[in-house]
Amino acid sequence: MQSVRTNRHISKILIYVLLILGVVIWMIPFITSIMTSFRSNDEIMTYGFLSLPKTLKFDSFVAAWQRGNLKQYLPNSFIITVPSLVLTLFLSTLSAFALAKYKFKGRNVILGIFVGGMMLPFQILLLPVFRLTEAFGIYDSYWALIGIHTAFQLGFCTFVLRNYMVTIPDSVSEAARIDGCNDFTIYSKIIMPLVIPAMAAVATLEFTWIFNDYIWALILLRSEKLMPVTAGLAKLQGQYVMDWTVITAGALLAAIPTIIIFVALQRYFIQGLTMGSNK
Amino acid sequence: MKRLGLVLMVVVFMITAFPVFSGGQAETVVESKQTMVIYNSMNGDPEPRRVDEALVAEFETENSDIEVVHSIIAHEDFKTAIRAYLTASTPPDVLTWFAGNRARFFIDKGLIMDISDVWESEGWNDSYAKGWQAMSSVDGKQYFLPTSWYWWAVYYRPSVFEKYGLTEPQTWDELMNVCETLVDNGIAPFTIGTKYRWTAAAWFDYLNMRINGPEFHINLMLGKESYADDRVKDVFEKWGMMIEKGYFIENPAAYSWAEAIPFMADESAGMYLMGDFIRDSVPATISDDIDFFRFPIIDASIPVGEDAPTDGYFIAANSQNPEEAKKLLAKFGSKAAQEFNASELGRLPTNGDVDTSMFNASQQKGIDMINSSDFVAQFYDRDTTPEMADEGMNAFMEFWDNHSAADIDRICGRLEEVRQEVFAQ
Amino acid sequence: MGKTKKAKLYNPWAPWLFLAVPLLIYLVWVIGPMLYTFFLSLTKWDGLSAPSFIGIKNYRKLFDDPVFFISLKNNFVWIAFFITIPVILGLALAMALNRDIRGSKIFKALFYSPMVLSLVVCGLIWSWLYNPTQGLFNAVLEAVGLEHMAQGWLSDPTYALGSVITVAIWRQVGYVMILYLAGLQSVDPFLVEASLIDGANKWQSFVHVILPQLRPMTVVVVVISIIDSLRAFDLVSVMTRGGPYNRTSVLANFMYIESFNNYKMGYGAAISVILFMISLIFIIFYLRVVMQEEN
Numbered sequence: 001m002q003s004v005r006t007n008r009h010i011s012k013i014l015i016y017v018l019l020i021l022g023v024v025i026w027m028i029p030f031i032t033s034i035m036t037s038f039r040s041n042d043e044i045m046t047y048g049f050l051s052l053p054k055t056l057k058f059d060s061f062v063a064a065w066q067r068g069n070l071k072q073y074l075p076n077s078f079i080i081t082v083p084s085l086v087l088t089l090f091l092s093t094l095s096a097f098a099l100a101k102y103k104f105k106g107r108n109v110i111l112g113i114f115v116g117g118m119m120l121p122f123q124i125l126l127l128p129v130f131r132l133t134e135a136f137g138i139y140d141s142y143w144a145l146i147g148i149h150t151a152f153q154l155g156f157c158t159f160v161l162r163n164y165m166v167t168i169p170d171s172v173s174e175a176a177r178i179d180g181c182n183d184f185t186i187y188s189k190i191i192m193p194l195v196i197p198a199m200a201a202v203a204t205l206e207f208t209w210i211f212n213d214y215i216w217a218l219i220l221l222r223s224e225k226l227m228p229v230t231a232g233l234a235k236l237q238g239q240y241v242m243d244w245t246v247i248t249a250g251a252l253l254a255a256i257p258t259i260i261i262f263v264a265l266q267r268y269f270i271q272g273l274t275m276g277s278n279k
Numbered sequence: 001m002k003r004l005g006l007v008l009m010v011v012v013f014m015i016t017a018f019p020v021f022s023g024g025q026a027e028t029v030v031e032s033k034q035t036m037v038i039y040n041s042m043n044g045d046p047e048p049r050r051v052d053e054a055l056v057a058e059f060e061t062e063n064s065d066i067e068v069v070h071s072i073i074a075h076e077d078f079k080t081a082i083r084a085y086l087t088a089s090t091p092p093d094v095l096t097w098f099a100g101n102r103a104r105f106f107i108d109k110g111l112i113m114d115i116s117d118v119w120e121s122e123g124w125n126d127s128y129a130k131g132w133q134a135m136s137s138v139d140g141k142q143y144f145l146p147t148s149w150y151w152w153a154v155y156y157r158p159s160v161f162e163k164y165g166l167t168e169p170q171t172w173d174e175l176m177n178v179c180e181t182l183v184d185n186g187i188a189p190f191t192i193g194t195k196y197r198w199t200a201a202a203w204f205d206y207l208n209m210r211i212n213g214p215e216f217h218i219n220l221m222l223g224k225e226s227y228a229d230d231r232v233k234d235v236f237e238k239w240g241m242m243i244e245k246g247y248f249i250e251n252p253a254a255y256s257w258a259e260a261i262p263f264m265a266d267e268s269a270g271m272y273l274m275g276d277f278i279r280d281s282v283p284a285t286i287s288d289d290i291d292f293f294r295f296p297i298i299d300a301s302i303p304v305g306e307d308a309p310t311d312g313y314f315i316a317a318n319s320q321n322p323e324e325a326k327k328l329l330a331k332f333g334s335k336a337a338q339e340f341n342a343s344e345l346g347r348l349p350t351n352g353d354v355d356t357s358m359f360n361a362s363q364q365k366g367i368d369m370i371n372s373s374d375f376v377a378q379f380y381d382r383d384t385t386p387e388m389a390d391e392g393m394n395a396f397m398e399f400w401d402n403h404s405a406a407d408i409d410r411i412c413g414r415l416e417e418v419r420q421e422v423f424a425q
Numbered sequence: 001m002g003k004t005k006k007a008k009l010y011n012p013w014a015p016w017l018f019l020a021v022p023l024l025i026y027l028v029w030v031i032g033p034m035l036y037t038f039f040l041s042l043t044k045w046d047g048l049s050a051p052s053f054i055g056i057k058n059y060r061k062l063f064d065d066p067v068f069f070i071s072l073k074n075n076f077v078w079i080a081f082f083i084t085i086p087v088i089l090g091l092a093l094a095m096a097l098n099r100d101i102r103g104s105k106i107f108k109a110l111f112y113s114p115m116v117l118s119l120v121v122c123g124l125i126w127s128w129l130y131n132p133t134q135g136l137f138n139a140v141l142e143a144v145g146l147e148h149m150a151q152g153w154l155s156d157p158t159y160a161l162g163s164v165i166t167v168a169i170w171r172q173v174g175y176v177m178i179l180y181l182a183g184l185q186s187v188d189p190f191l192v193e194a195s196l197i198d199g200a201n202k203w204q205s206f207v208h209v210i211l212p213q214l215r216p217m218t219v220v221v222v223v224i225s226i227i228d229s230l231r232a233f234d235l236v237s238v239m240t241r242g243g244p245y246n247r248t249s250v251l252a253n254f255m256y257i258e259s260f261n262n263y264k265m266g267y268g269a270a271i272s273v274i275l276f277m278i279s280l281i282f283i284i285f286y287l288r289v290v291m292q293e294e295n
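Chains as they are written, first to last, in my numbering: chain A, 1 to 279; chain B, 1 to 425; chain C, 1 to 295.
No wet-lab data here; the hints were simulated from the structure.
Glycine included, each C-beta is placed from N, C-alpha and C at the ideal position.
Please note that the accuracy of each hint is not assured.
[Stated by the list, open to error] Subject to a maximum C-alpha distance of 20 Å in a straight line, what follows is the list of computed SDA-like cross-link-like pairs (lysine to any residue):
| hint | chain 1 | residue 1 | chain 2 | residue 2 |
| --- | --- | --- | --- | --- |
| 1 | B | K141 | B | N125 |
| 2 | A | K103 | C | W203 |
| 3 | B | K141 | B | W172 |
| 4 | A | K54 | B | D266 |
| 5 | A | K103 | C | T43 |
[As the list claims (entries may be wrong)] Label pairs and their computed distance ranges (CB to CB):
| hint | chain 1 | residue 1 | chain 2 | residue 2 | range |
| --- | --- | --- | --- | --- | --- |
| 6 | B | A406 | C | G145 | 33 to 41 Å |
| 7 | C | G145 | A | V23 | 42 to 50 Å |
| 8 | B | G110 | C | A20 | 40 to 48 Å |
| 9 | C | V290 | B | E417 | 41 to 49 Å |
| 10 | A | F104 | C | K105 | 36 to 44 Å |
| 11 | A | K12 | C | K61 | 53 to 61 Å |
| 12 | A | M27 | B | D230 | 52 to 60 Å |
| 13 | B | E215 | A | D59 | 46 to 54 Å |
| 14 | C | K105 | A | P169 | 25 to 33 Å |
| 15 | B | D401 | C | G145 | 21 to 29 Å |
| 16 | A | M27 | C | R102 | 16 to 24 Å |
| 17 | B | D230 | C | F69 | 40 to 48 Å |
| 18 | C | I281 | B | R410 | 54 to 62 Å |
Can you build the whole structure from these sequences, using the hints too?
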């Protein structure tokens, strides 16, 4: 018993050491960007890209906020991201449920269509989709972006959620059916609560992607006042002026919402099982 | 679960509420204004942005019945987005763009509006030099409005030149002497950051213009001369010799153009062939210690050509508000607007009515340099087609690492193949 | 048996009712433009005027284009790295962090953080780390006496691709970790406990109990990794734009330059279609193997 316990201790310590080492290596670029954001451009020009900051300056953050006009762009990012995220998650749970819990003719073809839609580099779809939004009369509106994000992410979400639902034993839904539940109740009351971990994970990823999108906004919008925060960041890069510290500060500011979402959602995909806790 | 339901409700509320509150669409015309004009520009940098917005505000006060829906898009992205803009049913009416071949490409596709009437009514046919007019015309009609330009030159730090007893070289031999002296003192003569490739194209432009003359250069750009020509090989040979002798910093492809400036700041490199916008990026510690000279003459018997890229405006062919757009264009081309641009940004004006006494010594030196030249080119990637420019700049990068005679033959051979394909159409 | 019983239990229209809206949206917004792209690949189109039909000319030209083959090779290298290193590291992290250890939340957030930083800044910061004169990598190499290995990492044709893929892996690990963390929630803890009680050690129970239950998520991770490697674009475009002279070019990047810089949308569409075909072959092959194992 004693040796088992020490073994366990050793393995725990080993895991910690590896994790900390990994995090340190993983964080080098991030720490570098934080350091850069506190420096000034002249300092970088004079002392080099990676030397330590001489003084702690928040000027770059202020400049990024003002010059990148983040106050104007940030709400747009939410107006685009939140509905896209909710719609794509909701719709993909429907399609994933159908593809995971029913056996019907053409099921594999439909799944193939969802996965196949991801296989084209999406940049080639930019102009065809632009034409589509023109045809719908929604070019240069939030709806154009909400439409394409919702639709385009359906492939990924359906695929992930479907494969997660497959792991839920069929006995669960069959029991409910025998109890007289209809199809929609099985979906909403039985399966959905069990899929929360996967939905939280997918939501985190989707938020990251949609929030950081720029190229769709660039092609489907013409008006600056509708543009998401990434357009503000792009502007910080400048044509002739390369203001590194402001660019990094802006990127760090723009990353905050995504981090918050991650922290908020992560408890949903870790709760379930706690292996190795040896209670 | 309860909390999740609450979150869902908030979210659903946000979905429905946000687009409604914010109007959903951008075209919410302010009621007090009868008409509007949509203007998209690529002046993303802080100072140009400020001036751009100030001009728009001025226009709105002068024309109280017109609302300007102004969007500023980052420079590089604007070049991508313009494809959608020009084919949209409601395009931006007025757009910023590059003069020369880049504008010609759209003119040939019928995407740019004929603005001869504006040139006529504003008197630009008289107030703009003939060169600007020619640059904006196709078959005698004007489509473009050039408004500002800058020059390219070799930039250096006078204090460093002084330290080693050097003076501004006028000829190739003098330049080689300067390079030798710097190398002997452990300084790389030229800094350059070729990560985004275009900086190398400046070297090709200048060597070709100095060795073979501007006429050959521009014909090569237009696809009328062969890249396999021995004259092109001469350019690569001279350039390769400089690389071979260590006249450039090591690993230039690791740096963007601005990341290569610190080598001048810490005196590990002496000179930089660059556009005048370099001044916006040099650190304050050396900003008073920067001067420039004309790229040295190699063959005194041939005409002198310079690169001076020009920017301006045009109106989209299917503009929905052409009258307002023309008014805005008239504003941008006016003497007052160009003087404002020049005094605020140091951009050189195209309108000949602008009072030249307002320029500082450096601007005057640049203007004199261009005025005393025989030919003005735009720049490699503005003078030739986008595809040829892409292949060419890739070739310059390959050449930088491989510059034996056999490599040069191979690279020129491939460029010639591309030229034949691109210009066959 | 099970099948027939189920068939009686539910309305045959039920799955189609669930599918109707999402499928319709997907068909209109994604599959439609995609089929249109297939058509465009048979045309000459500058993105501005009307496309003109030219048959398979674009494809013929593609197979004569050396850049296409460099890009293709690079995509395969990318796949090879992507379906191994990030998948293993991501799974290892998910296993290590899926427990009540102190700070596990922080660790998770930190490993995910590369995903949230804007790509432009990722490219910028990494190019500084790779910088030949002041960069961290060369400094470390010099410090440990390996200065002969110091490089201009992103400008050297030999190392540039590896240097870009390294950054891609750095971003990808957190992504795979998230998917596996979710996947682990569906693993039945009683089966794991039972195997441990039966005398299996941790490694055995991981291989024989946990991994098989994670299989559906592994299918997702591998399929996504293949698709993402073939569509790789952003990092190449911000770090090297395919340079030095196309050595780090990948198909999506090649496609983007041809379509958007060179105004050859038809040619770009042909590249995309080839890319689609390659994805399809890979994924069908992979799913075959997986299915066979299952049966």
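Legend entry - Supplied distance hint 36 to 44 Å, evaluated on CB atoms of F104/A and K105/C: Since the Cβ atoms of F104/A and K105/C sit about 41 Å apart, the hinted range of 36 to 44 Å holds.
Legend entry - Whether the CB-CB distance between E215/B and D59/A falls inside 46 to 54 Å: holds, 50 Å
Inset, instruction - Return holds or violated for the Cβ distance of K12/A and K61/C against the range 53 to 61 Å. - result: holds, 60 Å
Inset, instruction - Starting from the range 33 to 41 Å, see whether the pair A406/B and G145/C falls in it by beta-carbon distance. - result: At roughly 37 Å between Cβ atoms, G145/C and A406/B fall inside 33 to 41 Å, so the hint holds.
Inset, instruction - Would you check the hint for K54/A and D266/B, treating anything up to 20 Å between C-alpha atoms as holding? - result: Answer holds: K54/A to D266/B is near 18 Å, not above 20 Å.
Legend entry - C-beta pair G110/B, A20/C: status relative to the range 40 to 48 Å that was hinted: At 43 Å between Cβs, range holds.
Legend entry - Range agreement (Cβ of F69/C with Cβ of D230/B, hint 40 to 48 Å): violated, 31 Å
Legend entry - Satisfaction of the hinted span 21 to 29 Å by the C-beta atoms belonging to D401/B and G145/C: Holds, since D401/B and G145/C (Cβ atoms, about 27 Å apart) stay within the stated range.
Inset, instruction - Starting from K103/A, check that the Cα of W203/C is at most 20 Å away, please. - result: With a Cα-Cα distance of about 36 Å, the restraint between K103/A and W203/C is violated, given a limit of 20 Å.
Inset, instruction - For the pair supplied as a hint, K103/A and T43/C, confirm whether the alpha-carbon distance does not exceed 20 Å. - result: violated, 40 Å
Legend entry - Status of the given 54 to 62 Å range, CB of R410/B versus CB of I281/C: violated, 34 Å
Inset, instruction - Mind checking the hinted window 42 to 50 Å against the Cβ distance between G145/C and V23/A? - result: violated, 27 Å
The structure does not agree with the numbered hints 2, 3, 5, 7, 17 and 18 stated previously, though it agrees with the rest.
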